[in-house]
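Student: Read left to right, the sequence shown gives residues 12 to 239 (this note's numbering).
Rather than coming from a laboratory, the hints here were simulated on the basis of the structure.
Since we're looking at a predicted model, the values are computed, not measured.
All C-beta atoms in this analysis are idealised placements derived from N, C-alpha and C, irrespective of residue type, glycine included.
Everything hinted at is true.
Derived DSSO-like pairs (lysine-lysine); straight-line CA-CA distance at most 27 angstroms:
#: 1; residue 1: 152; residue 2: 101
#: 2; residue 1: 219; residue 2: 189
#: 3; residue 1: 111; residue 2: 101
#: 4; residue 1: 98; residue 2: 157
#: 5; residue 1: 157; residue 2: 180
#: 6; residue 1: 114; residue 2: 159
#: 7; residue 1: 152; residue 2: 180
#: 8; residue 1: 116; residue 2: 152
#: 9; residue 1: 111; residue 2: 152
#: 10; residue 1: 114; residue 2: 82
#: 11; residue 1: 183; residue 2: 101
#: 12; residue 1: 114; residue 2: 98
#: 13; residue 1: 219; residue 2: 208
#: 14; residue 1: 157; residue 2: 136
#: 15; residue 1: 136; residue 2: 111
#: 16; residue 1: 87; residue 2: 152
#: 17; residue 1: 159; residue 2: 87
#: 18; residue 1: 101; residue 2: 159
#: 19; residue 1: 49; residue 2: 38
#: 20; residue 1: 87; residue 2: 157
Across the chosen pairs, the derived CB separations fall in these ranges:
#: 21; residue 1: 170; residue 2: 103; range: 17 to 27 angstroms
#: 22; residue 1: 134; residue 2: 51; range: 37 to 47 angstroms
#: 23; residue 1: 103; residue 2: 222; range: 34 to 44 angstroms
#: 24; residue 1: 223; residue 2: 107; range: 50 to 60 angstroms
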Amino acid sequence: MAGLSELRGDLEELENLARTANRPRVKEILQREVLRVKEQIKALEKTETAKNEAQKPVLVNGDKVKEQKPKLYTTKITSYGWDQSDKFVKLYVSLEGVEKLPKEKVNADFNSSSVDLVVRELQNKNRQLQIRNLLYEINPKESSVKTKPGYLTILMRKAVSKNWEYLTKIEKSESDKKKPNYDKDKDPSEGLMDMMKKLYEEGDDEMKRTIAKAWTESREKETSLPNL
Numbered sequence: 012m013a014g015l016s017e018l019r020g021d022l023e024e025l026e027n028l029a030r031t032a033n034r035p036r037v038k039e040i041l042q043r044e045v046l047r048v049k050e051q052i053k054a055l056e057k058t059e060t061a062k063n064e065a066q067k068p069v070l071v072n073g074d075k076v077k078e079q080k081p082k083l084y085t086t087k088i089t090s091y092g093w094d095q096s097d098k099f100v101k102l103y104v105s106l107e108g109v110e111k112l113p114k115e116k117v118n119a120d121f122n123s124s125s126v127d128l129v130v131r132e133l134q135n136k137n138r139q140l141q142i143r144n145l146l147y148e149i150n151p152k153e154s155s156v157k158t159k160p161g162y163l164t165i166l167m168r169k170a171v172s173k174n175w176e177y178l179t180k181i182e183k184s185e186s187d188k189k190k191p192n193y194d195k196d197k198d199p200s201e202g203l204m205d206m207m208k209k210l211y212e213e214g215d216d217e218m219k220r221t222i223a224k225a226w227t228e229s230r231e232k233e234t235s236l237p238n239l
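Take the sequences, apply the hints, and build the full model.
Tutor: The structure is reproduced here in structure tokens:
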């Protein structure tokens, strides 16, 4: 479709021709064309008006309102790997395309016993990893996060150079609960029996069969011994 200025030029010329035309049929044709062009001009003016209105800034009490960005959802990162060296505990977080983000979109906050990683606007989502109650203290000032193709490496500087058996205190506590309790103050044989009972109660079918067999054989040996 022609632009407004061109259509207005056509309209002006058509109206001049219609005024000077002498033959009725020619005059009628020119007048119909005048009406058609007027309708085109009216439709185009309406479209441009709507477009201009949409581009105007929104005002509230005379102040310009900033354009609202779509809200991004935050998802929790639950899958990661870790290992350690003498000086660092290292976390590895796989995130496809993370290397394409600006540096300011990847941030890790450290304190002596935790790390909080936030990755913003990755594939239309924010991602967050929070780890609390680290097994031992770290040095926040010497800890950092590095971006690699497809993953992040979080380097947590150990406050003391020692081996971490677990990443968090919670993991250690859960592991300790699963270990059989052995009371050193009890009679050795009684303590052993308590430990075997606990293993039997918490074990699978194979474990229970093994312990039951051991108990049976032990009882048979006791009854077969001669009285002294």
